[in-house]
Amino acid sequence: MGISKDRIKFNVGGRLFETTSTTLANAGRDSFFGALFDDEWNLSPPEKDIFVDRNPDCFAVLLDLLRTGDLNVPTNIPERLLHREASFYGLLDHVRTAKWGPFDGNRLRLGDSVKGIAPGDGTAIRAGPDGGCCVAHGSVVHVLDWMLEEHCPINLDYQRVNDVGWIDSDNIVLSACERLGRGDGGMGLFSSSSGDLRYKFQVSHENQVKSYTAGALSFCPDYKIFASCKGRSNEYGIGVWDQITGKQTDFFYESPGWSLGDADKLQWLNGKNCLLVATLFPRKDNCYISLLDFRDKNMVWSWSDIGSPMAIDEKRVRDAIAMEDSNSICVVNEFEDLGFIDLRMYGGSVRWSSRSRLMKSKMPDEPCYPKLALHEGQLFSSMNDSISVFCGPDWVLTSRLRRSYGGSICDFSIGGDRLFALHSEENVFDVWETPPPPII
Amino acid sequence: MSNQKKRNFQIEAFKHRVVVDPKYADKTWQILERAIHQIYNQDASGLSFEELYRNAYNMVLHKFGEKLYTGFITTMTAHLREKAKLIEAAQGGSFLEELNKKWTEHNKALEMIRDILMYMDRTYIESTKKTHVHPMGLNLWRDNVVHFTKIHTRLLNTLLDLVQKERTGEVIDRGLMRNVTKMFMDLGESVYQDDFEKPFLEASSEFYKVESQEFIESCDCGDYLKKAEKRLTEEIDRVANYLDAKSEEKITSVVEREMIANHMQRLVHMENSGLVNMLLNDKYEDLGRMYNLFRRVTNGLVTVRDVMTSHLREMGKQLVTDPEKSKDPVEFVQRLLDERDKYDKIISTAFGNDKTFQNALNSSFEYFINLNARSPEFISLFIDDKLRKGLKGIGEEDVEVILDKVMMLFRYLQEKDVFEKYYKQHLAKRLLSGKTVSDDAERSLIVKLKTECGYQFTSKLEGMFTDMKTSEDTMRGFYGSHPELSEGPTLIVQVLTTGSWPTQPAVPCNLPAEVSVLCEKFRSYYLGTHTGRRLSWQTNMGTADIKAVFGKGQKHELNVSTFQMCVLMLFNNSDRLSYKEIEQATEIPSSDLKRCLQSLACVKGKNVLKKEPMSKDIGEEDSFVVNDKFTCKFYKVKIGTVVAQKETEPEKQETRQRVEEDRKPQIEAAIVRIMKSRKVLDHNNIIAEVTKQLQPRFLANPTEIKKRIESLIERDFLERDNTDRKLYRYLA
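Read top to bottom, the protein sequences are chains P and B.
Residue numbers for the first sequence follow full-length UniProt numbering, beginning at 1 and rising by one.
Residue numbers for the second sequence follow full-length UniProt numbering, beginning at 1 and rising by one.
A portion of the hints provided could be inaccurate.
The calculated lysine-lysine pairs, modelled on BS3-like cross-linking and capped at a C-alpha distance of 27 Å, are [unchecked claim]:
| hint | chain 1 | residue 1 | chain 2 | residue 2 |
| --- | --- | --- | --- | --- |
| 1 | P | K224 | B | K129 |
| 2 | B | K405 | B | K283 |
| 3 | B | K629 | P | K9 |
| 4 | B | K129 | P | K200 |
| 5 | B | K629 | B | K580 |
No lab work stands behind these hints: they were computed from the structure.
Keep in mind it's a predicted model, so treat the numbers as computed, not measured.
Same shape as in the complex, but just chain B (with noise of 0.2 Å):
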């Protein structure tokens, strides 16, 4: 030693640090790692949980914390590089297997890894926000072995192969591919669409492409059907199995699309076996298969709806404008019953009573209906013939099932106005008649178009049935004060009031002395009661029950009309009679009196007259002699006047002619409402007004509007525009 050296003498400076082994970070690191390969040779049994947890804590305690953090990725990727390259190297089959086993160590190896380092995990790692190491662990697996190159294209090409084969009808391992798939749902949502589904999705619809295109060659529209419903259900099934829920939707949207969305048009225009065939053989469950995959697809529904419509609007215009068809207003109807049922039937079962296509429905039979000017009347009708005799040994409640129907059609008219006329004309008939079935079913039809149109359109429908009801009381009273009449002929009469019924002419007739006696009675006994009124009878449309006496003693009630009566009581006092006389005895219009005595003397059973000469229709010069052979093996009978049941070419027009003079009124009335509130309006504008205010009634006739506001305007309501003579304005 020098004494130079010495000279540098230093007082070395007080350390307050406490000397830790400098290498203390180092040596607990090397515990863990070593650790950590031990958890990946799967020889964990002899490590000390106890002590790892404790070298973990301690390193961070020491600031560590960054060390051990960075140390344990860097180990676990060394780790996972080197499983990366044993799961490349199985060959074949098992590379699928190897790569599940590997991901199984993996999940297991990491649990473990987490346990140890849960100290780092909630101090170190919380307050420096970095991931947390199960996140890690995985996020190192996916980037080193899923994102491995040699790892990545195979394994998704491996996937795809397995689906391919199952699709075609190969059985595959589907446990495993439940394992992988549940890999990549493991590893993120994004994993999973980017490295698997995405390319799924392309096969898939690659897949799908092809067969369609086979199918779609080979097969009718019901198998190409099946077919369709067979893969939808197989690849929901495959997704249940093995895929994650989220891709249901996806992989279902790329088989309707495929398979359906694609082929739509001609599927359902395919020949022989398209949507139109399937409507004209009620074919249930087909229709209810297309609807269920069309449903699926945007605009199915639509193209099915409207090859549906249009195949309706045709098949319905076939069947009201044919002549022959309409020639029996009750098959008339009742086939559009049937036609109704059926589609309401294949809607309600296949098309699970999807509202769009009832719609579609209501909007065709609306069409159609009104394409035929005298569907109300054929309507009126076929409820005339129902509550004549159609509802005898009917329920109730198929009764009003029945009206219901028929109610439906009703919904469908655009001129109820012309069916109420109708209607108006058959209950009078049936009213007088006596002939009406039920009174149930008339009152229950009554409140049926009360509620469809309103008060005032049964109004007078219902003052027929008071009317009705007043006369049998207006009776009882009558006899009640004349107990004389008990003896001679019962006269009922039915007091109508003018205007709730259908007006008809009266017409005049001479009636039998007997008769003429008792209705002077009664009017002198109805005006007593009543003043103010006045009484006109309608002879015309009586009836009444006459017994007879025939050559050989037969005796017989016989059922007539008023004129009948009137013409068979002249035989009382003369055994012949020829035409003219009768008439000049009656003064019963000639077309009247012919067709009552067509009745009584041409018709086969019923001819209690005899006519000379023999034939069938009735002439001026002929005459008439009781018939004694009349023969008849009931008691009572009922000779009914020949009559047209549907109406005759000038009543029809008739008709017609009235509905349009009653219209006038509803028009103009509707005109000044709306102007009443709008003050001025343009022609436009108050043509399609009036049009939708009047819609429930009757569809008004545009060049109709333009008269009646013609015809306003000359009554001072309504004045033209000075400067804009398209403009209306109300005068008040």
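Same shape as in the complex, but just chain P (with noise of 0.2 Å):
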């Protein structure tokens, strides 16, 4: 056999590599290599290297990324250089894509700890598309792209942040109180990049531009914003907008004696067509769960624990969450005991279930409310400091994940294939990961 034509020389800072065009190939078209291939993926190699004038060291990495499709820095190589380095050649993507696996609950390891400067007690963190998050503080979210760089903080006339969620990897939308009489706060959209506020969510009742408080958030697949809003007249209920032009396009007002416009949580189901409503204690002195069709402005399902004679210990839904292949809603009491309720029986009962772990006695002195959230099948449910996974169609407790640094946990959230949990006492969230797949 003769000598491969495709290979390729560099001399890169003054350190010579060799590789071949199909490795070089891999780093698709836009990128440096790939501006080095003609039309037809063929390379014509030139008589002597090519000079580049970068750091020998992270070409090296990058290099191997290219070859083997693994990312394996050294430790005397830090993120930030290699981050650097791949945008330079435009590999950041491929970076990404190696850093971590797909996700699996039982398979996650700690990435990194990432500590903020905000005051006070964190509100809620969200997880970005493409694995980066926001955190909201107060009155501030702070975003963070998925190299862990933080970007321009956002706020809405700096009024108290309620929930916030991403459209898509360049779009926040941000829900916060109203300010008395100056039409401040309510909703607004932001890019994830450059923090800049693109455009204000309106509410009107009866033609009239009204102020509002917006509360919890949720996004449907055909471009729609649902917001629980109270507004100064009583008019509390769920607001729907469209995420493309930014109108209005319906509201669903709340009946006496039920709650909508102070919800906990919004989540929309996809496969009923239908908006999970949930406004849970001590926000009211009573839970409320409702499903609401907007097709024909119905509420086609609710449960509520009024009149419900208070257990002996006195288990209270905190959390709630739809499992629509189960055709159930998941709950959960401040002790992480999970309870079902079936959708499909109008007016059931919680269904606890037997496995509670009588934590009463020692109880942390500052308590944060367990949450709960769902994943591919793999349900996820904070408590305390640690966030515990449970699997399978009886939800068998199958990993615990737990850092003893920075008090509870007082939010958490999955997406971009990880999982990001926000401590309340130190103002600190983790990120976990799943690694890579092993090798063989």
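Using the hints, build the complex out of the two chains.
And the structure:
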């Protein structure tokens, strides 16, 4: 065999590298290396080597990434340096995909812990679609990209933030309290990269624009935004906006004796074409969970604990999540007992699972309410300083994520194949990732 | 140095900023600018990609992205302006080639520039939401070259000119055309549409307007369609070769509009070659072409269909109302079937089995078949003919095919009950005379009628078959219980249920003694096995086989009717009988007797009797002797009764009257059914509903319906509303 003809030499910052055109083709068209190829992906190698005035150590790492698809960063190379070099060559996306694997709640490893400068307790953390996240503290939301580089923080007239959400990797919706009589607050759309306010959503009742406090948010795949709203003159309910035009398209007024405008959680159910609205203790004295069908403005299912006898150990629902696959709603109480309500029956009751861990004795000083999340058939529940993972039809506890530092977890979120957990005592959040798949 | 100057001593502020070459950005840009020039001058081989990429990267990194971006635009614009001038200078045919060449060069250069500026493309442009390098390069080409005033119209005219040349038969450089139109497409859909497609369509429209006018003056319809089709395929071909696929629909619609839609009426009605002519001469190819072309334009098929329908109706009307042609019912129906076959074939081969055309065909047939009140009778007669003899030697499947076709005609009939009446009569004759060819065919037809019209329609017909079957069994039983009867004449009785069979007045006659004895025996046997029944003899329907020996000893077996048998038996006892004597002895009604004697004495070759005097008609004074000289080469001789196959005028009237009579209770039943559910209904609606409900059987006459309503009112089924006399109420 002769010497293969597709060899190519690089001189990077004085160090010589030799590789092949097939390896370089892995870089894709929109990269430094892609520009060396012609339209038919043929490489005409120059007689001598190609000189590149960049860091050779990083080049070695990136070349290895192109060769194997694996990212192995020696400890002496700072992440930032590597990211900068990857950006020069146009390989940032390659680095990101190699950094962590597809999400699996039972294989998570702590990837990073990020300490912030914001004062006060955290309100919410939301994972972005491509590995970034945003964290709400008081009236400011900090935005971090997948490299955990912080971008411009965002705020809506410096009003207290109630919820945030990602529409896509470049757009964040923020809901905030109103300021009396000023028309400030409400809901705004922001650019995640520059932090600019792009659009402010309005609520109008009978063709009059009203100021309002926006609460929990949810989005649905056909470009709608849902938010629980509290208006000045008892205009409580769920507002609906179009993501493309930004215009309000609908409003579901709350009926007397029920609660929608104060909701803790909204969840869009794709299969049922309904919105789950949950208002829970202690925001109200009672808990209300309902499914709204916006096509005929109908509350198609509802549950409340009004009138139900107080149990001995006072199990109150603290969070709820609909599980469409099993036609049920999972709820959790302050002792992290899971309960289930059947969605197919109207007026069913909570079936608490027996796996109660009586933790009454050792509750932390500043308890955080448990939260629930569902991701590809895995159920996640946060309690105190740990997150439990449940799997299977009977929701067996399979893993527990815990870090001692930072106190209780006040919120967590899964997205972009990462899990972000925000702690309440210190301003710190943890990033959990699934390692890349094993070699064999 | 003076002291005064020293007084102004200042401490220089500490500089935090690292001093960079203030001309850094300009210098770097100059390198890049020079490179862009070199690229455009096709002198890029000496350039270092790495160096240029790094420079562009550095400019963005040091916040000179804006400068880089605007610089790139200005430089490229300047270059493109120059190119535009060069292109413009090209003369004649080389103009397009030059444009194409420069366009290819620009594309190549743009690719390289994009590679160099990749980092800016990815970061600076992304975050500032400006137009990316590649689309920007295309926009610049569009604005500076394609829309350059001296190029814009010239380019368009050149292209249209080439298309025109190709249409008139010249060969053009299709590859070049494709490249140029591809350029328009690359520049964006709107550029292609505004700068090329729209004017192209307008020019085409003009061209075809003139051409179609020329053609229509000089060609006949078939040739015109051929030319139009050719033009259409040419345009489709053109689109496939060098235009955007999306243009196909637009250009074909232009051709369709100019060549077909605008001349539709004229084409269809063209004398000696239009649609009617094609239909008459079975020009499947032309018809198919017309269908395919007209299908493309709105109302095209409607026009074709309307003309076909009116032609069909006209033709059919002539066919069914021509008294000459309705003389022979079998031929009449055969002609209808042929006509249907013809149009079926046209629709299936030329019109792609279009449902709407089939519907038009059906409605036309329905229209004209019912123009002739005797159609039901004729169809029944046709079936009768086929089932009597026509089906001999034809396979089972062919029988089905013929029956299916006849059923098709049957479907068109409005007066299905009239058909039923006739069919019953004909079937009765067939069954009784044992002349039916195939039991299977008979039954299969009954099944078809049943699926078409329901159980009710055929229940009596099926009853007739059952009677035949039971009669067989009865006869077996009869002879089984009377073994002594194996000698002497054999009697075969068919016991018919009254009501299932067409009623005919029982014509009594005196049977010969030998036979009447047997009849009595059968009567007592039958009434003995079945209680509460009544038997009456329908001698006018029977047949008999008798053996006869003639003068010179010729032996023959004669197949005759019962009446004829009665007459012939008389000659066993006497040689000569007068008409009066025969009438007295047999008591056969005179019309029947005359017919019977006529067939015995006057039919050539079958004249077993001799009449004196010899003449064609039977007179009251005639007398008869046995024809001793009767010869026949067959042993068996069938002597038919002279009987008109077609109904005579009074018979027809009678059938008609019976049908009308039968309709009365059906109309009344329908009225009562409707009123029972509606309770109150006005006159017009009741007529409409009754007509609709009875449609599957016959077309009810409104005056008849009105009469029935009156009769129902008299009998207190209905009443008129007190205030509104047009309203009827149902009385429970």
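Problem - Violations among the numbered hints - result: Those not satisfied come down to hint 3.
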